[in-house]
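Chemist: Using the hints provided, position chains B, C and D relative to the given structure of chain A.
Residues per chain are reported as follows:
Number of protein chains: 4
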Amino acid sequence: MTIKTPIGYTTRDDIFVRDRNIATEILGQLDFIDMIFLAATGQTPSAPMKRMANTLMVAVTDHGLTPSAIAARLTILGAPESIQGAVAAGLLGAGNHFLGTMQLSAQMLKDAVAGLAPDADGAAFDACAAALVREYRSGKRIVPGIGHPIHIKGDPRVPALRRVAGECGFEGRHWQLATAIERAAQAEYGKLLPLNAAGAVGACVADMGLDPLWARGFALIGRSAGLVAHLLDEKRAPLGQKLWDLVLAQDDSAELAGHDNPIPQRAAALRKA
Amino acid sequence: MTIKTPIGYTTRDDIFVRDRNIATEILGQLDFIDMIFLAATGQTPSAPMKRMANTLMVAVTDHGLTPSAIAARLTILGAPESIQGAVAAGLLGAGNHFLGTMQLSAQMLKDAVAGLAPDADGAAFDACAAALVREYRSGKRIVPGIGHPIHIKGDPRVPALRRVAGECGFEGRHWQLATAIERAAQAEYGKLLPLNAAGAVGACVADMGLDPLWARGFALIGRSAGLVAHLLDEKRAPLGQKLWDLVLAQDDSAELAGHDNPIPQRAAALRKA
Amino acid sequence: MTIKTPIGYTTRDDIFVRDRNIATEILGQLDFIDMIFLAATGQTPSAPMKRMANTLMVAVTDHGLTPSAIAARLTILGAPESIQGAVAAGLLGAGNHFLGTMQLSAQMLKDAVAGLAPDADGAAFDACAAALVREYRSGKRIVPGIGHPIHIKGDPRVPALRRVAGECGFEGRHWQLATAIERAAQAEYGKLLPLNAAGAVGACVADMGLDPLWARGFALIGRSAGLVAHLLDEKRAPLGQKLWDLVLAQDDSAELAGHDNPIPQRAAALRKA
Amino acid sequence: MTIKTPIGYTTRDDIFVRDRNIATEILGQLDFIDMIFLAATGQTPSAPMKRMANTLMVAVTDHGLTPSAIAARLTILGAPESIQGAVAAGLLGAGNHFLGTMQLSAQMLKDAVAGLAPDADGAAFDACAAALVREYRSGKRIVPGIGHPIHIKGDPRVPALRRVAGECGFEGRHWQLATAIERAAQAEYGKLLPLNAAGAVGACVADMGLDPLWARGFALIGRSAGLVAHLLDEKRAPLGQKLWDLVLAQDDSAELAGHDNPIPQRAAALRKA
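These protein sequence lines are chains A, B, C and D, in that order. By my numbering, the letter at position 39 of the first sequence is numbered 39, and the numbering carries on one by one without gaps. By my numbering, the letter at position 113 of the second sequence is numbered 113, and the numbering carries on one by one without gaps. By my numbering, the letter at position 143 of the third sequence is numbered 143, and the numbering carries on one by one without gaps. By my numbering, the letter at position 131 of the fourth sequence is numbered 131, and the numbering carries on one by one without gaps.
So that you can see chain A by itself, here it is in the shape it has in the complex (with noise of 0.2 Å):
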């Protein structure tokens, strides 16, 4: 038994990526998505699914002071010594209540897809959308892709991606359970609960025909280079420190518990801090 990896293997002369010499073969000649499917796959991808993976990483990178930014920057403020040691913890947060939501929904669709006839219509889409809600419902657990915090009329990222998932060849069945999911999960909650993000994302890996795994895969590689940004952002103007400040400040924990605590100082020299 040897322990090996069809991914690569080094030796004293070169280094091989998939049974391609990284210096003749790749180095120059390959971009970073093509070497992200080689990697993984052993095949570059075609156009339209590069384009597609192009996309959704650029969906993912970055939107601000997320969770994720948050935790990172608070991270280095303690650890500045470790950069990886702030974007791990940034993308430690990416798991299935948030990003990692992406891969849920593609599995959702892909199973539930799996079960249809090759003819189904739009009724069939209709009839498994409205079990998928009523399923999830009586579990009280929540259809992953649906519903969203702040954008309660429409996430802005799903038409575009749905249109770039079109140009590209990829607005499929998934696509289409995914929107029946959007209208049935309307009907039974009585209020709209749109499509989101990670819905869109998780409708494009399915109708790219990936392994739902991808849908994490690229979230993750995503928001490691919007972590990135964050991290060199925390270098020119530091805000960890702030973060924590504005946590404390609106905290008058001492003074309700009774004790003689001059808050108004404390918040001074914590602005000063």
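Check each hint, because a few of them may be wrong.
Because identical chains cannot be distinguished in the list, a pair is counted as satisfied if it fits within a single copy or across any two copies.
Stated by the list, open to error - In silico SDA-like pairs for lysine to any residue, Cα to Cα no more than 20 Å straight-line: (1) Lys242 <-> Asp252; (2) Lys191 <-> Arg134; (3) Lys50 <-> Asp34; (4) Lys140 <-> Pro159; (5) Lys4 <-> Lys235; (6) Lys50 <-> Arg162; (7) Lys191 <-> Ala117; (8) Lys235 <-> Leu132; (9) Lys235 <-> Arg18; (10) Lys50 <-> Gly209; (11) Lys242 <-> Arg12; (12) Lys4 <-> Pro238; (13) Lys191 <-> Ile150; (14) Lys242 <-> Ile152; (15) Lys191 <-> Gly154; (16) Lys4 <-> Asn21; (17) Lys50 <-> Gly172; (18) Lys153 <-> Ala187; (19) Lys153 <-> Glu171; (20) Lys50 <-> Ala114; (21) Lys235 <-> His97; (22) Lys140 <-> Arg236; (23) Lys4 <-> Ala249.
FYI, nobody ran anything at the bench for these hints, they're computed from the structure.
Modeler: Only chains B, C and D this time, still in chain A's reference frame:
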């Protein structure tokens, strides 16, 4: 005092990254490399900058069962519920010794070149290099970016990276110093300590005019993709348990410790595990 | 709305944990186990609770080159600047398959016992256990807490944990069910799948009346100590590079791939590395 | 060459830690603090060593909404499936600036005291301290272990730790130097920069004769317990989403950027989220 970042923010209807609307000005129009630079700097990269960045991330994506890949595979063995945890575990090894060395190399080259006169000639670069090598040696520190345990005659990625750097206009004064350091180290130590991939990436990043932190950033983004590839491969053909068994099977502690231990049975049991 | 936690807060002159002044009411008066319970619940533990908690954390501290210890040692090899990164990498493997299984076991036992009548007799426990085993088997899931790849005749920690549980008054209905599950599994699968340490810890935590999350909590606190021990040992006698070499040396990929590769030289170079 | 560690190993029937059988010689006989020392050194601690270690870990367990606790709570918000990921995220901030400072302080004190004559008098300690403070200042570095943003008149943990150190016989030359450094810093900077908890822990660890790495080790073990307490509290009364909302609510980016954005509605939507 408001805590905000120029990277981006979200409103009820829109998401902005560097003041561009993600739905109408980003998705479908920028690729992932554009987005990395947009998020981090507010600007998309020039064509040469983009090609160079692609090449650097390709160079670090993966090359088989490295310590970070092994750590990720052992982590998913214990915690299959958390893909992000396994990626984070792999990235945590991208420190000052592996991958993060790229940042140390870029910083060293940047600082040293900043001390050279604009019209410094080859002799001045050689003198600077010799001084650097002696300074590190006297401090019993390793010069970042030279020497390799496997590629003892030369790291195959270095000429490839240099060729692309030349084509993109980034084979400048930092590359010149890196080459001088390789020569100076050979003179100082009496043996070839070839410029390695970390040194080459450091030279590229410095000649691109980017903050040295970008070198570790490219390494983390690139390696996150390599780790996703390993986790997809681990799902297809698990190696985690085999890697652990390999460690256990070579250790006959029990017998050495004087216990009556049926190692062959143990090894057999492990292999079946 | 104020964001605060009953765990503690800080004023200019004082620090309070669960409303006790750390300087005058905690330091020097409480030991670490007291403090774990104080921070988490607001109360110090009874003597039996404390002895049991000590024993559970001792049980999980360490037992050699486990996947989490290997991951930590490979991580410090690449990132010697970050002790916390190596500990974090080791803890990330404490998931549903290793260590975290303790939480799954405690939860399963708690839920099942909650469904038994207060006067349930042995036959009722056996019926409950048999139903659980069949339910997991039909779902192609492993019952948490039974079976072990190495300790095929029985996990040596189980009787020791049971003895301490008995002495402390925590060998109750959850232990009774755990034992019944071991029997039911043997009947169902036709071979011994002994109760393992995870199952025993799960039974203890459930019989202590603690939230099942405590089981994973004890595992993480205990293992963090084991990982610190490994990192101190790694500083004294480094194994990280040897562990990597072990993986590389058993892989003759290059030859299999048809390249003219001097494996012996490579292996030799690696061993010197 | 066999890869093994004296920490422990497993056979089919037994588990050994430092050559003690875990079932018959450890479980039920050693408490967790004994086990920490046994795993790390092969010996159980003396009574004073044990009391001191307990006190150091108690000192770092928790004191409310620190950056590491906030990072852990934001991480579990996104990844509720991974308790270990949230603990890991919290520990990743235990670096050179927070908590890890304890190691830096212990190392600095150990190195400096090693350079003092065995019969050095108070004047020699003062001279050594003054030289250290000036050296750090000229290198624009902060002396580890002094100053605090909140406890500007003195860290309440310091006298308590010193009292216990005295009772345990660990208030020795490193404490003497730490105190001299506090005086020297006041003279050098013209204001009180009081010895803080990190400095006090560093002095204790150095006077205990332990490797400075133990200081960060105690911090990581202690804080892992504090983080488990926060995650149990987060399950009872979630703060993660509120912490994120707090950050979002104070940022009026959209209006400043000139967009027609209904901030109040957004804030309301967030608060309901």
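Chemist: Hint numbers the structure violates, sorted upward?
Modeler: The structure conflicts with hints 4, 7, 8, 19, 20, although it agrees with all the remaining ones.
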